[in-house]
Structures are given as structure tokens and as C-alpha cells.
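K.L.:
The lines below spell out each chain.
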Amino acid sequence: MARPKKPQDAYVVNGWYLSIPVPGIMSDGLFETLSGLQKSSGVVEVVDAGTNRKYKFTDQMVDFGEMTLTRTYQGNVTDRAMEVLVNTMIENGLKLPVTAVKMHQGREVLSIVFEGFAFHASNYPELNVAGTDKFTVSYTASCDGWAIVPVGA
Amino acid sequence: MNDVGLSVVEGVANGQSAFREPSKRNIGLLMQSTRGVPNTATKITSVEDFNVIFGGQNPNFFGPAIVKSIFDEAGDIPVTLYLCRVAGTGAVVAKNETTITSVAVTIRAARKGIVDPGVWGNTLTAAFSSNGLKSKGNFALEVFKSGSLVETFYGETVAALQAKVNKASNYVTADFAAEIPKMNYGVHEGTISVTNTGNTVLGVGTHFLSDTRPGIVLYDSAGTHAVLGTVLSIQDDTHLTLKTAVTVFTDKTFATNSQSTYSLPLTGGADGTVVEADFYPVESMTNPTGLACFTGKDIQIIACTEFHSLTMAKVLDTYLRGQEGPLGVINLPLGATEFDAEEYATELQLNGISYMAGAYLGWAKVSDSVGNSLLIPAIGPVLGAAYLRTPNIQRDYIHIPPGGTDSVFKYVSDMIPQQLSQPLINKLVRDFSCNVINFSDSVGFFVGSSRTYSTDPLYQSIHIRQQTSFYKKLLGVKMLYVEQKPNTPELKREALIDLRTFFKTEYDNGALERSVPFDTAYQGICDRSNNPTSQDRKTLNIDALWIPTECTEAVKISLKRNDGILTVN
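Sequences listed follow chains P and Y, in order.
Mapping of the first sequence onto this note's numbering: residues 12 to 164, in sequence order.
Mapping of the second sequence onto this note's numbering: residues 24 to 592, in sequence order.
Keep in mind that the hints were calculated from the coordinates and are not lab data.
As the structure is a prediction and not an experimental result, all values here were calculated from the model.
Backbone N, C-alpha and C fix where the C-beta goes; we use that ideal spot for every residue, glycine too.
Among the clues, some could well be false.
Unchecked claim - Residues on chain Y that point at chain P, a partial pick, calculated with CB under 10 Å:
| hint | residue |
| --- | --- |
| 1 | V142 |
| 2 | D363 |
| 3 | K515 |
| 4 | I520 |
Let's have the full structure, built from the sequences with the hints guiding it.
P.N.:
Structure representation (C-alpha cells):
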């Protein structure tokens, strides 16, 4: 076995944006965080009677989990467009193909393509006369699937 | 600049319209028919349209019966046909040229202002009525077809009447050389007088009983045709009473408004002599003929209804290769044998992309509108049942093969030939790219194969040909936004993601090969490998690699006795 090769580069978690194909939002949502991006399946176990080992197998149910996104209100039309979009998604079940773009050193390196993306909740911050936090709204979202697509040069 | 103060105005937002995918199965039929403006592809979506525009059924041609068969077999499914009539040389438009009150009038058989030749026009009669006769203050033109009133138009002037007729009539055009006066003063014999102020009129040499009637207005025959009075009652040829008292006048010649209806039967219409060459395409910016009438139309399937010959098929094949989109559907001639199929194959098969569906072997017995049996080319029921109904049953996907038991013919009583032997079917389909109609006791007649004239396995299936043409057209619309944009990495990413999203949906719908993962069935490439740094910076190359799904053509179920596994003691 060869020794591990030395690191060439390291992506960082910053440098990303979300593109929602809705007039008035597009890439202007300026989301700050996206957490909970995941793909998982459950596990079933079978015990080997001879060794008493537990053998684990996938239950074949693929779950893309629940994501949380945050953005800060800016007092512009994007805020209004987001409110309308979230309302429409909650009340009418609208889903959209959405793309998250990851940048590295100022270049696009990959896109995360979401299929059937929908917001299910928007949570507003505590209003506080003495508070000094940003007016950050957090959104709960889900998708039917996502895939990482490397960006061509 | 806005007005000072509050102003509220009405308007329509110029929002973007939602994306609409292109048509999938519009059928263009080049045909002979009873009527129809020649060399003009007309869109119809119902039998009623066909009856009005193309004159309904006619046992002299295959076209009308094929149209009926398509609608019959399609059932409740939406049908869009582009029909184009070939009238041939010597076709004459029925007309009536006459003079009405010194104005030359020509009535021609036509539809919406465009002349429509053929003997059908000889069944028409136009009836022109003077102003006020049929409708107060209006001229009238009534159109009778075989004696039945089918249309009535009114106009305050002849020009207005003519404009209405030429815009809306399904049967005639009218051409009036000049305006016809609303009043047509007919001067009558004798003179009239009112000797005492009152309403009693005395005539000298007059024929009141025949020249007037109660309610008719009497005019001075001279000068400005002043109104003399309205008739209340007539005593005899020289005495009548007016409705109201008038001032005294003596010895005036009088006139009445002469109103009449002129019957204008159309004559001289003749059908032309149609030969196969009339179906050949002659491209022209202004007056295309034959197959060229379909160029540029929203048509995905093209067939000719009348001439089922190899020469016609070859012309269609050449035309379609120039179009690179629509699929051609042809029929082998009546009584064709495997040798005919072989001859067609020799001429039409090619080892590459073919836009021709393999010729359908067989002629179908169908019923005409009064129940008589009629023999028509199988492409009629094939188009209705296989190309329209079958995909619609299967959610209208473009990748559904036009065949199988979903395409069973519902309105075909028999086929010629009725049944083919299995070895012959194998030979026809595999060797001669000929499509066959199968028969099953439990199901009936249905389309048993769907091959094109390509011998390359990549292009052998009709549904893949249709699917590819559809994708070409759809992506041509969907990806149009890429044109005239800054050639940036963001644009490339957007294009790749849009393509991927589109093909992923198609993959999920079963249009791409499902035995492999999506990333194998589809790959989008837009990187340095197809966009080298040396290329023109205004160029963007995107490769979408896809694997279409194939259809089952040969299914073998082996029913094997397996008694040997039993243990016999």
C-alpha cells in the first residue's frame, strides 16, 4: 500500500449560492447557510448464528432528509418573492428544480442539483428591542433527490 | 410622464408565457378530396371541420375514407391533421357571371375568399336580394347547397356584403364590379294626379292593381325621386288611396322601388386530372405544390393517401431526408407480395438515419358513412390506432412504439391479406423492413411491428425516430435562452443542468434505457474536451449523450415440460 498522497487543495464551506428559478429570486436569495444536505438509508441486521455477528444490510429506503437554510432580510423585493414562494409551496405543494453552486477560489467547481425542492417552513427570528442580531430567517426544506454535477471548464 | 394626481389605467402585463412543449403527432395528409383549397395545408381537428372544408366522404378517393378511419380509430383522443388537397390540372372553379342593374357580378365557389375548384361547386346557388327585400336596409346574399340554405349574409352596401362573404363564407366568394344603388326606381305606365288635397290618387293609363300593392311607396319618376306617398289601399287600376294626405299634384309619371331576388346558380366547375407527379414536392416561396405544401408546418407524420407506388415512396423519402424531422408513413400497393416488399426494401433501405417508417403491408375493409364496405390502405387505421391512440393510452409519451395490442383496429372488419405465416412475417420485418398487421383470434387486427427503413440497429425503431425528432425540436425551444448570452461558465452550468433535469425526467418516465443508472443513460458534457481553448470564443459546444429505450419485437416464452423432477417410487 502506498502512502497517502499529499493534499493538493481543500474546499471550504464558504463560497456558495443557491439558484431558485423564480423571477425575483434566481441567484439573489443570498442564502447564508445550508445545513442538513444528506442522503441516507436505513439498516436491517441479520445475525449469523455461527459467529453471533450482526450482519448489516441497507433497507433500500433512500432518504434525502430535511435541510435548513438561512438568509437575512434585506428589505428588498427578494424578501417579498421569498415570502410568496414559501406560501405557494406550503399551500399548493409547488416543487422546483433548484441548484446550489459551490465556488472555489472564485471559480464554479460543482453544482448540487436538487430535484423536487420545496420549502416547508419559514421561521422568523425573535423580535427584541434590545437585540443586536441580524434579522435572519431560517427555512426548512426537503427534496426528492440531489446529485453533484461537476462544472465543465 | 405621469399625470399629476392619482391616475388609474388598465393594461395587460407582458409576462413570460409558460413553456409549452412542441406537438408530438400532428399528421399531414396529401390527398384528393371533394373540395378544399388546393396546395394549402389546412389544420383540422374534427370530422365536422373535414366535412365543411374538404367536402366530407367521397368514394372516388382514398383520402376522405382514410381521414374518417383516423378519427374512428383515434376515438376520443385529440387528433390534429394538416390536410392538403391535390386538385390536378384542369380543375375549374364553378362560377356564375351576370349583371345586376348594370353591375357585373361574379360568384365563385370558394372558402374564406379563396377559390375552391371542383364539380362540387356546381351544387351551389347564390341568391342575391335587393336592398330591403330580405332585411330592412340591407342587401342579402343567400347560399344554397343542393337546394338547402346553408349561409346568409347581409350588408348595408354591396361593398360591405362582399367583404363579409369573402371573409366568412365556406362556399362562395362574391365580386361586385361596382356599388349597386339601394333604390332601383322602376317607372310605371300612365300618369297620376291628386286633384284635391287629400289622399285619393287618380290614374290615367295606369295599372295600379299589378304595379302597386298596399304599403309600397310611390316616387316621382323624375328629378330627385321625391316621395309621392305610401299606398294604403287600391280600388282599381286607376284609383288608389294613400296612407296620408298629400298636397296637390297633377299628371306625374310615378315609380316604385323595384326589388327582386336574383338566383345565381354556379356552373362549370370541374375536377382536374390528378397524376402521381402532382404529389411530388415543388418548393416555392409563393406557390409550393405537392409535398412541399407541408414544409415549415407543425407536422410530425406525413403520408400520401392516393398513390401507393414505389416511385411515390421514393419521392417522399427524398423529401423527408431534406426536412430532417417528420416521419413518412407508406402503404404497399393492393395485392402486394413479399417480392414487392423486397423491391421497396431494395430502393428505400439505407444504413443510416431513415425518416421512413417501413411500408405497411395490407389493405383494410372499413364501412363508409352509409355502411357499405370500402377497401382502403392500412395506413388509415394504422395512423389512428397505432400512431395516435396507442401512445395516448400509455400517457402520451413520445417513446411509445406505434404498435402492439393497444393498436387493435376497432373499425376494420377484415384485412387483405388476412393473416401472414410466421416465417413470412419474420422475413418481411427483418429482411425487408416491412411493417405487418397481425391477427389474433382474441384481439383482432393490430400493428405487429414498428420498423423504419434503416438497417442500422440504432435507427431501426419508429419510436426512436419520433423521439429523436421530438427532442431536437423541444430542445430547440427549451434551450433557446442560451443564444446571445455572455459565454460564461455560469451559462454552461445552467445549460448542462437544464439538459440533465430534462433527461432525468425522461429517464424516470422510461424514455431512456432503464437497465443502467441515469448517469450512464445520459451524460452531459460541456468542458474543455468539446470546447478547446483554441476554438472561437463565440462558440459553445454541449454534448448530450443519451441511450433511448428500445421496444420489444421478438418475445419468446419457452413452455417446457419438467416432469423429470418428480420422484417416482
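K.L.:
At a threshold of 10 Å, is the proposed contact between Y:D363 and chain P supported by beta-carbon distances?
P.N.:
violated, 51 Å
K.L.:
Against chain P, with CB atoms and a cut of 10 Å, does the hint on Y:V142 hold up?
P.N.:
violated, 58 Å
K.L.:
Would the hint on Y:I520 stand, with a C-beta cut-off of 10 Å toward chain P?
P.N.:
Since chain P brings a Cβ to about 6 Å from Y:I520, closer than 10 Å, the hint holds.
K.L.:
Y:K515 was flagged as interface toward chain P. Is the shortest Cβ-Cβ separation under 10 Å?
P.N.:
Holds, because the Cβ-Cβ distance from Y:K515 to chain P comes to roughly 6 Å (cut-off 10 Å).
When each numbered hint is compared with the structure, violations occur for hints 1, 2.
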